[in-house]
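Asks: Could you put the whole structure together from the sequences, leaning on the hints where they help?
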Amino acid sequence: MIVGIDLGTTNSAVAVWRDGQAQLIPNSLGHLLTPSAVSIDEKGGLLVGLTARERQPTHPENTATAFKRLMGTKRALKLGKQSYAPEELSALVLASLKRDAEAFLGAAVTSVVITVPAYFNDKQRRATRRAGELAGLKVERLINEPTAAALAFGIHEHGLNEPFLVFDLGGGTFDISLVEMFDGVIEVRASAGDNRLGGEDFNEALVDFARKRLGAAFPSVDRSGRLAEVMRDAAERARRALSEIDEASIRFVWDGEEHTVAIDAETFAQLVEPLIVRLREPVLRSLRDSSTKVADLSEIVLVGGATRMPVVRKAVTRMFGRFPNTKVHPDHAVALGAAIQAGLKERNLDLQEVRLTDVCPFTLGVETTERESAGSFRKGIFSPIIERNTVIPASRTRSYYSLEDNQKAIVMRIFQGEARKVADNILLGEVRVDIPRRPAGGAGVDCRFTYDTSGLLEVDVTVRETEVAAQLVIFDEEDVALVNSLDARRAALAALKIHPRDQEANAAALARAERVYEGRVGNVRSYVGDLISNFENVLAAQEPRAIEAACQQLNALLDQIEGESFL
Amino acid sequence: MNTAQAWHLLGLAPTEDEAVVKRAYAARLKLIDPDSELDEFLELRSAFELARVACRRVARSRTAKANKSIRLPSPEDETTVDKVLPAEATSQASNVSRPASQDISNPTEIHPWVVARGPERKVRAASAGRKETSVFRREIQLCLAGASKDPSAQINLIEAVRGLLSSTHMEELDLAAEVEDWLGNTLSLSIPRSDPAIPLAISHFGWDRQAGRLTQARWLPRLVARAEVLSRLSELADPSNKWHAAFQRLNEPAAPQLSFVEVVRFRSGVAQLLDVLRTHDAAVIGWLNPDTLEYWKSAIGRRALATLAPADGISWYAWLVIGWVLLNIVRLFL
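Taken in order, these protein sequences are the chains called A and B. Numbering of the first sequence is given in our numbering, commencing with residue 160 and proceeding in unit increments. Numbering of the second sequence is given in our numbering, commencing with residue 39 and proceeding in unit increments.
Read the hints as simulated data drawn from the structure, not as lab findings. Every value quoted in this text rests on a predicted model; they were computed, and no experiment measured them. It is possible that some hints are incorrect.
Where chain B lies over chain A, by a calculated footprint (3+ residues, C-beta under 8 Å) [claimed, not checked]: (1) 333 to 345; (2) 438 to 450; (3) 470 to 482; (4) 541 to 551; (5) 574 to 580.
All C-beta atoms in this analysis are idealised placements derived from N, C-alpha and C, irrespective of residue type, glycine included.
Replies: See below:
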């Protein structure tokens, strides 16, 4: 069974193609979204999802969130005594979704289609694939998030002859895809994006605002990193409230003291203006690359939780001169699209008449040196091999020649980016081949780039004369080490004690109550304290039915205090 | 693969109808699995792209022919019209009661601006923005055509560009893209008259951030380079700058008539400044008055010669040579 997983910055979701449609799978709490959060409790047990997220403000040193933003980097996150790579934390989330899917489907889940932001680079994609493998899943395909959303939208739209645009602003990344449909073929024509722009940046803007507004009153001592988490939680709540009403407040408790900063929708709009401006460039670029005019677009499809913000919707309406299409569920579309791709991968009969082609969103090439007319060299010039927005899978070959007499070897440094100078692009790796000694320009190599449907690159360099070939599939040595230790790391992750599935709801409720307890002062705090001890008493009695009722009651009472829980 | 092979692979006779090409491609794509049959996919894909290009080429030449035959009234500068024809023409078609309506009877002869492009509402909104910005555009062109040194023209230019950029209609992406191209082109063509407006436009569109990109408009590097020169020039024009005095001498609008004393006073400063500019900002030198530059170069050149020949006269070995020659002449006569 292949499932589709949307591995998001804030939330993840799993879906499956069944009975001729894509269907989301609920987790053990019955929710369709699982927060991408991992926490280790006092006994060394593993908590994933809502429970972990609720523990974030109360146990920041044992909890990790938003680690998708670190994918492909070497930053390790510490949970208690143990430190974990971002891909390992992602693997824990994936494994938890896998368990949910298996419990729901009653069958083993072995393979998966995982979504990644279109603008994820090669390193980030490889890290994501490793995360899947660490979770014990075969990664059939990585699919770009806006492409998945386009698939979820397009599968129900027939007779759309004009291209549509998918505007995907998630928790941590922003992607644009321009998609055309004809005769069952869903074809992405251009992708662009900003992999450092998302809902989290809006939260940060609110935190900064609160810091400035409070001035000297703002708590300055914070060694544990807890304050940052408390603030982030408060900002997230305020931001969500601002999507519904015109006024909200950033409210948090620090050192037993309550701070409140009021903010209205207008101030918020001014505050995030610099972020809103950044939405324009990727849109313009995708339109230019596909030589499409806004007037030619049939629909603007909004995807991603952050597009719920009225400021974002207003900006989109102004940019395109019309109202966007909000028919697809902003949080579910990507996972549903991944499930459709999983169905395609399984060659499901219902999907026989559907084909999807995607593009490579950035340019890939090698570093070259040019000889100027004066005889001097100009180093570090980027020579593109696969241009951005080429349909994938793609394969292109370019030839390069030796620069000096009797040159011994050619080193191909592989870059990704749009700048003329390689220094401004991202280095992906290098391949070295020995060449026969010839006068300058006498020895040539053919460099072949193959970009597969998952967006992973393969480089083959062949020396013309000797037909000696060198290949580059895995990049730096550290990556090799990571791959070699894959089995050991998988075993280490699997050895983590998982919190029992049937007690998940209780743990989540308790974690939430503790967060509310720490986030309040005075009467409310003592009231929540009573609720916690009552609930713990019920738990100790071990009466399943009573526990369930008490758990529901606790959540309802907490809803009264802080408004409904959100995902 | 050539175009003929592409048509063969798609199983089509050459056609102008893109929809037919797409249908043929879709049908063949469903027979292969791009993941496992890479070569087949690559072949089909390049056939599709070749065929589509061929289609569009025919369509384009048809458009070009049609454009020549029917003259559209253009409220704006003529140079912009042929660049942005399709959308422009759409909006105009709605204004001028569809001039080519007789062609609708024959579907193959439909001109591109008559093809309905979405609801009328959209078109009208776009044309309102175009009308407003065209006022600013005309103003900008008038300013650029006027006397460049006239300070009021400069202020007017800045005002017009600011007005254009801050227009609420610039929120619309199509219009913004069109204005960006037009403004970039116009400004780059009228350097140095457009100087005051360049930094404004660059910061608005973020052209400086795009300068190192592989794909960029042709006028973009020119404008960014000019902006760099301008900022360097304004730095040098600042009285607190240590090169200020020398720069003023170099920046005179016409070749100066200086006394010998003045030349000696500024000569070394100017020479040093020229050296600095040559190594760091070679572009700036190109924007100086060539006569003034020539004047100072020759002044510096004279001094350079003078350093070779010391002021106290001809050197001792020259005396030796002359003496030896004289001696020989004398010996010849003896």
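Asks: Now look at each hint and say whether the structure bears it out.
Replies: Results of checking the hints against the structure:
no., hint, verdict
1, 333 to 345, "holds (count 4)"
2, 438 to 450, "holds (count 6)"
3, 470 to 482, "holds (count 5)"
4, 541 to 551, "holds (count 3)"
5, 574 to 580, "holds (count 4)"
Violated hints: none; the structure is consistent with every hint.
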